[in-house]
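Peer 1: This is what each chain is made of:
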Amino acid sequence: MSETAAVERQIDLAALRPARIILHLAGLILAFMAVAPLFWMLSMSFKGANEVFGVNLIPDRPTLDNFIYVFTQVDFLRYLWNSFFVAAMVTIIALFFHSMAGYALARLRFPGRDVIFLTMFATFLISQPVIIVPLFILARALHLLDSYAGLIIPSIFNAFGIFLLRQFYLAVPRELEEAAVIDGAGYFRVYWSIILPLSRPILSALAILFFLANWNSFLWPLTITSDQNLWMVQVAIASFRQQYNASWNYIMAASTVVALPTVFMFVIFQKRIIESIKTSGIK
Amino acid sequence: MADNAVRSVDIAIPAAQKAAGFRLSNRHREWIAGYLFVAPDALGLLIFVGAPMILSLSLGFFSVSGFGAYSFVGLDNYRRMLGDPLFWQSLRVTILYVVLLVPALYASGLGLALLIQNDTRFNGFVRTLLFMPQTVSLVVVALVWQVLLIDKIGLLNRLTGWIGLGAYSWLGDPRFALIAVVVISVWFLMGFYMLIFLGGLQDIPREYYEAAKIDGAGPAASFYLITLPLLRPTSFFVLLVSTVTAVCGSQTFDLVYVMTRGGPANTTSLAIFYVYQQAFLFNEYGYAAAMASVLVVVLMLITVLMFMLTRGGRFTYE
Amino acid sequence: MIKRTKLVTAPLKGGAGINRRGVLASGAAAAGAAAFGFPYVSRALAADSLKFWQFYAPGGGVASQSKWFEDMAKSWNDSHDVKVELVYVPNNAYMDGTKLPTAFASGAGPDLFIISPGDFLRYYNGGVLLDLTPFIEDKARADLIPGVIANRMVDGKIYGLPMEVEPMAMYYSVDAFNEIGLTDKDVPKTWDDLLAVGKKLTNDKRFGVLFETAPGYYQNFTWYPFLWQGAGEIQTKDSKSAFNSQAAIQALKFWQDAVNMGVSPRKPLGGGGWDVVPNLASGYCAMQNVGIWAIAQLREGAPNFKYGIFKLPTPPGGKYFTVGGGWAFVANAQGKNPKAAGEFCAWALGSMSPDSIARVVDWCTKAKSDMPPRASALEAGKAAFDSGFLKIFTDEIYPGARAEPRVPPPVYKAISDAIQACQLNGQKPEDAAATASQQIDAFLASYKGAPIL
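Residue numbers (the working numbering), protein chains in the order written: chain A, 11 to 293; chain B, 1418 to 1735; chain C, 16 to 468.
Rather than coming from a laboratory, the hints here were simulated on the basis of the structure.
From the three backbone atoms N, C-alpha and C, an ideal C-beta is built for every residue, glycine too.
Don't take each hint at face value.
Chain C stretches covered by chain B per the calculated footprint, using a threshold of three residues with CB under 8 Å from any CB of chain B [claimed, not checked]: (1) 110 to 124; (2) 139 to 153; (3) 201 to 214; (4) 430 to 436.
Required output: the full structure, derived from the provided sequences and hints.
Peer 2: The following block contains the structure:
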């Protein structure tokens, strides 16, 4: 029996190797196509103002001046910190709230559950510029103008995360929680000790997406703050454009700097997303 | 410390029951838990999205100057919409955009996720590269793609010239501009949906695949019989969310705003862009609100339809 | 069969340090800190100062422009009780964004701000612009060049004080001209000339002449001179559309021919047709229709680039016109202290005192390179206006400049659609002009605001 299994395995591997190479090649080609346009961003970051739009990919006279300008002429470190603080806070709070809500909407039974869900989802169907005026009036009334709280609190509430988590929890086998509930555990304990650990992959994915969205957010920070000390990075980058003049080299250099932390975040969190969950003992 | 919090919540309910002098049934305990869990988000959404949304949309029945003058005009804005060729043009463009974009995003997101789902270092590297378009802002996206697609000297035109197809204005020709925007949208967003599918793929227990392999199923059969069905909640999510964001999402709007401003000749004037134009460039808040409310109603209908067809997006298969 | 599981918190493998408890604790701490004001919470800017929203200072991209604003604010603050506070809004967000409309719609508009002629009617008809005439002395009023101030006036009253005039012209690359044996004597004088020269300059790496192609107020702005050159107008004296005219048709056809002949690109590089360094200086085009600001831009971004300037060409039998844009200081009539705001505007730009005139000269010669809106400034800054490239503007281009029209949005859109349809979508100019004219008429029939100019 094991001999045939061994032979089968060998045939398996032989058959797989060319297929695997093709898949790897496909992956590389796609990855290259995804990244290739960004070579220009990198290239423009190292070019002087007069050759930014030259057709050459490699700068004739590469320079670090753009990066130096971005960090010395403008309080860029502060803006990076602002973006980081706001994005991190929103991500943590949102993940917490959304996973609770998503779990309840998927698993718990209570009257009006589906109506509540649909109503929450309805808020996803509106776009930010449409609601920005009443939202601004509201934020002003709540004294959130020109403050971190104003940057953070309204950004937490978005039905996208709730919807995704609900779908995720729908697919989690019921047996786990039912066992725990029979054991006498309270709902919060079930959520905290069983559901949250199980959600690590999806929470990691959402952490990346929430962080990214808030890191790069522009419209709301611009609207809610006039104080330059509270600027976030995209507002700061916008200040490199004037009425009839745009310092594309500074914009690209700053954008390269701004992209790095999010790439870093992705590299760290992506491992967690693909952690396969051994299904905690269901036989 | 958190353990104590957990314990205290679970002690509180029975204690409250005792104090109140009656026992809450299990059903009621579940109700309370449900409402409590949903409360923070429900409250937040109500205050920060729901209320502004209702206020904005109700402006559809007013004529608003933008400087504090409101006058009730009933259905005038809606009548105006019916007779506005630009509105209908924007709807046409939006439908075309959605029809092209949603399948492309679904296929690319799922395809990429399947390609690199295994936990190897090579895959990790490819994954990072595939996600990179998402990490740059749309200003950068617009500029780098402009350089690639620009008339005559852009990289794409050099390639097409080399293979004998001649040079075209991919962003400035009414025939191609919308397609170019779709391609750029897919490039920008595929990392996003790849991530979501990755999360969903991890939902599928490994044992099913192993069992299938033992039974002699090949990769294609595994895909059709295991992956696709078990991905239904995620697929449902992706299709619905990509449709909604294609119609009214900020990313959609930002892309059009930086790349083409609705041009050339209104061929990329998506509905959400036209709404923005009316509201913030033309000062017609009432009219913009009326159009936005039509979009919301249409999306709501689509949502409700999809939920009804899939029994609430629940794909129970037990 | 269901195996009972033990309730264990799944330990994180590898001690990655992202422990749930730790995350929650630090999150709570930070949230608390933010709520209690680390380091900024609801810090109101000094409540009774006048907020001046603009896209130059403090911290705008051009140091000299930022300095001009800051010096002006300091000078006012040193000598007046009510202080002026500069609030910087990035240009793109200021012009096309939501920040200003949101602020005004919620009754929190700035006390002082700047507007372009394209915005004038929107704010005027909304009742937001303060009448500045009482604050401007008669001599100063006479000093303002009539063509420039006309589009900020309603019923003889002045509602905005211009900072600058930015006329449009044609720039060309000296090297490109030399390549085909042309010199500065051969600059095109008529539309046909321009297209012919453009065709000769077009090769497989370069376009002959660049016009703006992105829809927007700016594209309309750059197209109007070609309408006027054929004696065309947007509307007649009795407020009916004059757009369905031979002048409009030929102007639309001019831009259509430029694209169809392959002489003009369908998409400019960089920010758009106004961005001279990515287009002209990079060699993407050999001639570019761009304004006076390009002088400063080229000085900064392409100091070694050799270029020349000539005035807009005219059609057969046409008269030379160009368009002059430029922004103006305005005061919010619904602000907290309109009187002080009005005084500030007049003090800054509309007074006969030497420092006011010097301020205008400095803006137009040192901070930017623009034409001044006042005769006395033209005189006082003679040295600068008569040297270098500014001289061409002073002598040839500026005389013949008409102020940018102020049009309500529906009229703007009708004209914009006509330009786009002809330039990029191959529509027949006769049809486009007729359609636009109908739309303008339909709008004007019920329009009850200030006159369009």
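Peer 1: Next, verify each hint and record whether it holds.
Peer 2: Okay, the hints, checked on the actual structure:
1. Only residues whose C-beta sits within less than 8 Å of a C-beta in chain B count toward coverage, and the stretch 110 to 124 of chain C has 8 of them, enough to reach three; the restraint holds.
2. As drawn, the stretch 139 to 153 of chain C meets chain B at 4 residues by the rule of a beta-carbon pair under 8 Å; at three or more, the given contact holds.
3. Given as covered by chain B, the stretch 201 to 214 of chain C fails the check, having 0 residues with a CB less than 8 Å from a CB of that chain where 3 are the minimum.
4. Only when three residues or more bring their CB closer than 8 Å to a CB of chain B does the claim for the stretch 430 to 436 of chain C stand; here the count is 3, and the claim holds.
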